[in-house]
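Sequences listed follow chains H and U, in order. To convert, count from 1 in the first sequence and add 9; that's our numbering. To convert, count from 1 in the second sequence and add 1409; that's our numbering.
Fair warning: there could be bad hints in the mix.
Pairwise CB distance ranges (calculated) [said to hold, decoys possible]:
(1) Gly-29(H) <-> Leu-1525(U): 25 to 33 Å
(2) Asn-1431(U) <-> Val-178(H): 53 to 61 Å
(3) Leu-32(H) <-> Thr-1530(U): 48 to 56 Å
(4) Phe-243(H) <-> Thr-1422(U): 47 to 55 Å
(5) Thr-1530(U) <-> Gln-197(H): 53 to 61 Å
(6) Gly-29(H) <-> Thr-1530(U): 33 to 41 Å
(7) Gly-370(H) <-> Glu-1597(U): 51 to 59 Å
Don't read these hints as lab results, they were simulated from the structure. All figures in this text were calculated on a predicted structure; none of them were measured in a lab. The beta carbon of each residue, even a glycine, is placed where N, CA and C say it ideally should be.
So you can see what is in the structure, the chains are spelled out below.
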Amino acid sequence: MGNLIKTNRSVPIVLALLAGFALLVTVLSEAYGSGGLSVSLTKTLGMTVCLCIIALSMDMVWGYSGILSLGHFAFFALGGYMIGMWLMYARTEDVIAASLAQGQLPATPAELNDAIAVQIFGVVGGDSFPWMWAFSHSLVAQLALVVLVPGILAFVFGWLAFRSRVTGVYLSILTQAMTLALSLYLFQNDTGLRGNNGLSGLQNIPGAEAIPQSQISIWFLWASIAALALAYVFAAWVMSGKFGNVIRGIRDDEARVRFLGYSVEGYKLFVFVVSAIMAGVAGALYYPQAGIINPDELAPIASIYLAVWVAIGGRGRLYGAVIGAAVVSLLSTWFTGGRAPDINLGFYTIQWVDWWTVLLGLGFVLVTLFAPKGLGGLVDLMTRKGEAK
Amino acid sequence: MSTLLEVSGVSVTFDGFRAINNLSFQIGAAELRAVIGPNGAGKTTFMDIVTGKTRPDEGRVLWGEKSVSLLGLNEAQIAREGVGRKFQRPTVFEDQTVADNLMVALKKDRGPLAVLLFRPTPEDHTRVEELASEIGLSDHLQTQAGILSHGQKQWLEIGMLLAQEPRLLLVDEPAAGMTGPERDHTTELLKEAAKTRAVVVVEHDMDFVRKLNCKVTVLHEGSVLAEGSLDHVTSNQEVIDVYLGR
């Protein structure tokens, strides 16, 4: 750990900032503090923290390993779906059991099961559980799947792609195709995850009906901050030692690494799978705060935005990814949430809901031109000056 | 003298062009060898075959005392068998320090998990310092490799190869773009390395080859045209016709 801090001085700073942030939101929260922070804003902040985690995982894959994945939101959403299945099942079970208890005779387990299935799948014309819901009654199993499903998908995809030495833009296109295919598949009503309806009501935590959302939202924010802190330390540890040197070597000169005797494919696969798992965990924390997940979340555009965040924040530096995701996604929420005042030019009114993407595109171009190392690069510049050689 | 590498009857064709034509080549366990030949003679393709980058259409490439075939192995496996390769263009990790470059190359377990848990021991640091002094970069251990001069990068890459402790070193035009004193240093490095291992130097520059003072193999149109001392091959009429006479 001492070594880690020496080689990566951003770790203690980021951890301190995260602790300060956790304290600040608690003091301002409705549940534990002054109440200056609304529940919806608390949730927005919590979700933003989760987006910082997937940005970290993207930075490991793209910034450090040079693999421009344009499909990372597939792993994020799969993590969300896995936890969503348990949330929806357990919550529906509670509701159905309560309503059946009103009847004369106690319901048999089979009746209960059918009633839950009709309640969940009625919207897509189903009345029984698809095979993939086999473990949805078990929180432990679904938590394991949060890690396993994105991990296994990344392993199979990565193994096929890296083994065939697919690199560069071709790999990016493949990852894009992966997330698009998955999204289109999930849009169908008969695939078992409720088609375009997705999973909803995820903000209702089973067994915690009596606890107000103001409290639950701050718990999730804490959990998200803790997860980001862990992910940051983990990523810094992985990238600080010789492993990080090999990985950056692969980014800069794959052939040299190969002729040094390192199995380049194995290393890429390792990082790809680890980052997919991080994305899955981030998604599992994000969607209970969002309350709903549907196949739109896997649309290719989401993963492209992720690349934009990391590019604006500065790839190849972990805090860059965090800054980029936080700044851009919060700005995005502000501009598209109807809070930003429209600008009336007399002959034309700039409505930010529509014009935000233009502004983002412009920002992306400006960063690429004038700060190629991103916002994180500006931080570097300031700290270097502070050191004064 | 025991044979370390034996290439026999190897041919390879790219889109109908026969880059290597029934090539046979042998090198002993501790030997310095220069490979010369005009452009397109197949020098680089020969290296590609030995290091696993290119698969030959026919022929055998046998390695070591047990005569293991290298044809079934990939580049990384061949490198772990003990074949080091220096590229023509200096190829180092420019973003990393000289010490990091050498540390990555040190002969250690190459598996991802072993590397993840790797922490350098004092011996590893000593070894890195020794290598740096051997290649004349002791004062630059913490320098980013990207800002080294061309010659220094070439030496760093040779140092990385030595760190790998290969039994065979394939070196592609090491003296290209070097100044006189830099060449002399490079010559010394290669001669020193060849005392304990096999070193194959592909080179265009006859003066440099003369300084290496070793057995020479002349390639032409993908096969061996002549082999022997430099004076022997340069007096060969065929060699003069295809290569030196031009």
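Now the hints, each set against the structure:
Distance hint check: the CB atoms of Gly-29(H) and Leu-1525(U) are about 31 Å apart, consistent with the given range 25 to 33 Å. Distance hint for Asn-1431(U) and Val-178(H): a CB-CB separation of about 39 Å, inconsistent with the stated range 53 to 61 Å. Between Leu-32(H) and Thr-1530(U) the beta carbons are some 41 Å apart, a value that contradicts the proposed interval 48 to 56 Å. At roughly 49 Å, the beta-carbon separation of Phe-243(H) and Thr-1422(U) lies within the given 47 to 55 Å, and the hint holds.
Remark: the range hint 53 to 61 Å for Thr-1530(U) to Gln-197(H) is upheld by a beta-carbon distance near 57 Å. Between Gly-29(H) and Thr-1530(U) the Cβ separation comes to about 38 Å, which falls inside the hinted range of 33 to 41 Å. Taking 51 to 59 Å as the suggested C-beta distance range, the pair Gly-370(H) and Glu-1597(U) conforms, at roughly 57 Å.
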